[in-house]
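Here is how the chains run, residue by residue.
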Amino acid sequence: MKNEHELNVNPDRVIENECAESRMMGDWAPEITRREFVKAGFTLVAVGLVAPPWLATLAHAETSRTLNGLAPANDRILVVLQLTGGNDGLNTVIPYSNSSYYRLRQNLAIRENTVIKLDDRVGLHPALTGLKDLFDQKKVAILQGVGYPNPNRSHFRSMEIWQTADPDGYQKYGWLGKYLDTLGDAATNPVLSVSLTQEKPQALNAGIASVPCFASLGDLQALTGDAALAETMMALTHSANKGDNPANLIKRSTRSALEAIEKLRVAMRNYQSDVTYGADPFGRGLQQAAQLIAASPATKVIYVSVNGFDTHAAQARTHENLLRNFGNALKTFEEDLAKMNKSDKVMTLVFSEFGRRAAENGSAGTDHGAAGPMFLMGGKVKGGFYGDHPSLDSLDRGDLKYQIDFRSVYATALEWLGADAEKLIGKAFKPVNVFG
Amino acid sequence: MAITNQEKCAQLLRRFGLGAPQSEVDSAVSRGYSETVEAMLAFEKAPNEIDDEEILTILKGDQNAIRPQMVTTWWIYRMLLTKHPMQEKLALFWHNHFATSGSKVQQGQLLLQQIQMFQRIGATNFHDLVLEVSRDPAMLVWLDGVTSVKGRPNENYARELLELFTMGIGNYTEQDIKEAARAFTGWSIRRATGSFFYRADQFDTGEKTFLGKTGNWKGEDIVRMAVEHPATAKFIARKFAHWFISDNPDQKVIDALAKTLVDSKYDVKALIRRIAHSEAFADQKNHRAIIKNPIDFVIGTARTIGMGERLRQNQLSDAAGQRVAIAYLRLVGNILRKMGMAPLYPPSVAGWDGGTAWISSGTMLERMRFADTVMGQAANRQRPLASQPPLYQLMAEARSLEEVVEKLQTGMDVKFGAETKTRMLGFLTEKGGLSGLTPRNPTAMNGLLKIVFASPEYQFA
Numbered sequence: 001m002k003n004e005h006e007l008n009v010n011p012d013r014v015i016e017n018e019c020a021e022s023r024m025m026g027d028w029a030p031e032i033t034r035r036e037f038v039k040a041g042f043t044l045v046a047v048g049l050v051a052p053p054w055l056a057t058l059a060h061a062e063t064s065r066t067l068n069g070l071a072p073a074n075d076r077i078l079v080v081l082q083l084t085g086g087n088d089g090l091n092t093v094i095p096y097s098n099s100s101y102y103r104l105r106q107n108l109a110i111r112e113n114t115v116i117k118l119d120d121r122v123g124l125h126p127a128l129t130g131l132k133d134l135f136d137q138k139k140v141a142i143l144q145g146v147g148y149p150n151p152n153r154s155h156f157r158s159m160e161i162w163q164t165a166d167p168d169g170y171q172k173y174g175w176l177g178k179y180l181d182t183l184g185d186a187a188t189n190p191v192l193s194v195s196l197t198q199e200k201p202q203a204l205n206a207g208i209a210s211v212p213c214f215a216s217l218g219d220l221q222a223l224t225g226d227a228a229l230a231e232t233m234m235a236l237t238h239s240a241n242k243g244d245n246p247a248n249l250i251k252r253s254t255r256s257a258l259e260a261i262e263k264l265r266v267a268m269r270n271y272q273s274d275v276t277y278g279a280d281p282f283g284r285g286l287q288q289a290a291q292l293i294a295a296s297p298a299t300k301v302i303y304v305s306v307n308g309f310d311t312h313a314a315q316a317r318t319h320e321n322l323l324r325n326f327g328n329a330l331k332t333f334e335e336d337l338a339k340m341n342k343s344d345k346v347m348t349l350v351f352s353e354f355g356r357r358a359a360e361n362g363s364a365g366t367d368h369g370a371a372g373p374m375f376l377m378g379g380k381v382k383g384g385f386y387g388d389h390p391s392l393d394s395l396d397r398g399d400l401k402y403q404i405d406f407r408s409v410y411a412t413a414l415e416w417l418g419a420d421a422e423k424l425i426g427k428a429f430k431p432v433n434v435f436g
Numbered sequence: 437m438a439i440t441n442q443e444k445c446a447q448l449l450r451r452f453g454l455g456a457p458q459s460e461v462d463s464a465v466s467r468g469y470s471e472t473v474e475a476m477l478a479f480e481k482a483p484n485e486i487d488d489e490e491i492l493t494i495l496k497g498d499q500n501a502i503r504p505q506m507v508t509t510w511w512i513y514r515m516l517l518t519k520h521p522m523q524e525k526l527a528l529f530w531h532n533h534f535a536t537s538g539s540k541v542q543q544g545q546l547l548l549q550q551i552q553m554f555q556r557i558g559a560t561n562f563h564d565l566v567l568e569v570s571r572d573p574a575m576l577v578w579l580d581g582v583t584s585v586k587g588r589p590n591e592n593y594a595r596e597l598l599e600l601f602t603m604g605i606g607n608y609t610e611q612d613i614k615e616a617a618r619a620f621t622g623w624s625i626r627r628a629t630g631s632f633f634y635r636a637d638q639f640d641t642g643e644k645t646f647l648g649k650t651g652n653w654k655g656e657d658i659v660r661m662a663v664e665h666p667a668t669a670k671f672i673a674r675k676f677a678h679w680f681i682s683d684n685p686d687q688k689v690i691d692a693l694a695k696t697l698v699d700s701k702y703d704v705k706a707l708i709r710r711i712a713h714s715e716a717f718a719d720q721k722n723h724r725a726i727i728k729n730p731i732d733f734v735i736g737t738a739r740t741i742g743m744g745e746r747l748r749q750n751q752l753s754d755a756a757g758q759r760v761a762i763a764y765l766r767l768v769g770n771i772l773r774k775m776g777m778a779p780l781y782p783p784s785v786a787g788w789d790g791g792t793a794w795i796s797s798g799t800m801l802e803r804m805r806f807a808d809t810v811m812g813q814a815a816n817r818q819r820p821l822a823s824q825p826p827l828y829q830l831m832a833e834a835r836s837l838e839e840v841v842e843k844l845q846t847g848m849d850v851k852f853g854a855e856t857k858t859r860m861l862g863f864l865t866e867k868g869g870l871s872g873l874t875p876r877n878p879t880a881m882n883g884l885l886k887i888v889f890a891s892p893e894y895q896f897a
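Line order of the protein sequences matches chains F and S. Number 104 in the numbering used here belongs to position 104 of the first sequence; there are no gaps in the numbering. Numbers in the numbering used here are just positions in the second sequence, counted from 1, shifted up by 436.
In case anyone wonders, no lab produced these hints; they're calculated from the structure. Hints should not be assumed to be uniformly reliable.
[Claimed, not checked] Derived list of chain S stretches under chain F, where covered just means 3 residues or more per stretch with a C-beta under 8 Å from a C-beta of chain F: (1) 439 to 449; (2) 776 to 789; (3) 878 to 889.
[Said to hold, decoys possible] Below, a list of computed lysine-lysine pairs in the DSSO-like style, where the Cα atoms sit at most 30 Å apart: (4) K675(S) / K172(F); (5) K172(F) / K688(S); (6) K654(S) / K614(S).
Even glycine gets a Cβ: it sits at the ideal position worked out from N, Cα and C.
Put together the whole structure using the sequences plus the hints.
Here you go:
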């Protein structure tokens, strides 16, 4: 008895065997939109045999979603950009007309004549020319003083709080993972969300959805041209069920890698852009996000993370470089999206786990603080300021007090995606009215 | 239910060492479990057969200074060759605990000193270790101690000392951090010599209130009070339990280890003995219950299938031997980086997350791709240390495909479930059966290895 599975009649398995052959036959359909999936769903499931497994299952999920009377997911995309380490918000969005700022930041204050002034009170760090252009185009919302009650100043706990949207508890699933789980194709779409990180951020922890993480899309090269091996790998990972035990996780990760590669590699091949990104982590990250958006219509959430914001000493130069790359990459990304006619379909959310202490420390750096600015960018975003700059004269143990709860911003993002924010966050937070 | 003595010996060599070929497991069994534990712990007494200077000189080439990446490569070399794997495993444990990165500490010499310090005193006393770390030049640069002076304390080290190195979050206040930071003012380094330097005139001599006690505390006092805080023993015990017992250790196991740590006045060796001889360590439910980190996976595999030994036999005295070693080490360094664990480049001061965080679609892909490194296919022309002999030798006497799988299990220190075995047999049959498994047809062996490296069973130590 060589292979017990082959003795059973397992329709999925049959489709898979056929699909392994279709893979060998070369490239399948170059690209297909979500709407076409839905339209083609019945046919594809019936025909089944020519579609690669991810497509067959995807079409099947869309079909059953329609049959169950659920609206199809909207065609909007959320890009999350994480500034890891705690960005110094006070030197990002600067209250340049406030003398307290210069008193608190004797070495680190950005001189008033170099601040990029946005109104008569607040301006941007001089390195943020890219962001300024977006602001002028009214494509970026600057949300001031975002935080939560009793802020935690540990990088790790604080990141956990942001990623689970739960300052009081220790939830297993992330705020985006919970959203992905509500989608009809959560279990079957291998590229519903892609994280351009080595490890999966907790925000994308889901019960059903499996999120592939690639440190670089350059890793999407074929594992092997060996069909027997590909078939064996698929079969080996086929028995993974929804359980959370590590063996299932291992199988699901392998499988989502294989399926995502299969899907994305072909799609990416034809991607070309005449927009030039910087060769820094922001540029590389957002360029890959643009590639995914251009090539993979089944992808709803893309996650990018850039390190280096933990600036305790000699902050000025480091922070300047980070902000320059950040602003320029955002601007290039928006240009790229506009060229591919996706600007109105994509919103980018920028966050950091905390801001820095209002006063600089003795090392020309800043220690861990609390509230800080967030940014929302996109063609549908009504640019401008949301909320006032936090007061520098009424600090909480040396930290800026928050005015907008970050969960309100999440509610905005979930609203963008067409999700039930209150249900996902577990509490009602009024979305920030950035869509005008 | 307890595991067999054979399984326990293999587990000891996997977890407290860096994996071992079957022959070493066999000699551990015949020597006896307790004796093996003691022999592993006695590494300080045995001579070190690796010449650090020699390999560092080769890595340095015509460069003036040691760069951080060279320290990574040097350490990989040691891990692959060492006859005292516990020394390296503990150094790695402490590097993960007191994680310091070359991304900020760009002087390789300082990083080298820090890792050598872990190698030297990693199995001694936790209190001494924290004190050494607090004065360690690489750490002082990494967490900004060098800039912390009277009237202008930098909180970075104080915060991580309390949060990550000793007590753990929730056992101190923000005010404790500020006061502790004052006690570390003046702790600095001499740039020229890369050594610790106490700037007495920059020390804040005022009274500080730390953990409810007021006094003219110095950095040494903060270290002592933090180490002696009851939360610290539990925090450290939990970390040891995670690394050496299970990804999900029982609380009562952790509590018992914490008690050992306190009773022994923070003796690391006492803690290791307690773990190695605990019921939990031998419990079936904790057998193969830790997800291998990339170093366990890559270095462990290389040592288990005899590639570490082959590298040892390679001559560093001639240019060809040096080229082979460097090419191979770079290959290994590269795959470790892609799997997410380049030594000296932890993602943050919290080290690597561990457990299921090692498993993502990207890292599983790299685990599969490790087959190319093992088969020499990832190294373009050089094919350094291609594994053909060790692996094919393993298969040589097999008379059936089932026997191939059996030998693979023994030779690679893994136990496959029925499903994996079935799939392997199916794959091998398609590849021409026994006669397909020859060096002339490396794709069969490469594919087989990819299946091994992707299998759930192989991910566990």
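Outcome of the hint check:
| no. | hint | result |
| --- | --- | --- |
| 1 | 439 to 449 | violated (count 0) |
| 2 | 776 to 789 | holds (count 6) |
| 3 | 878 to 889 | holds (count 5) |
| 4 | K675(S) / K172(F) | 20 Å, holds |
| 5 | K172(F) / K688(S) | 23 Å, holds |
| 6 | K654(S) / K614(S) | 13 Å, holds |
In summary, the one numbered hint that this structure violates is 1.
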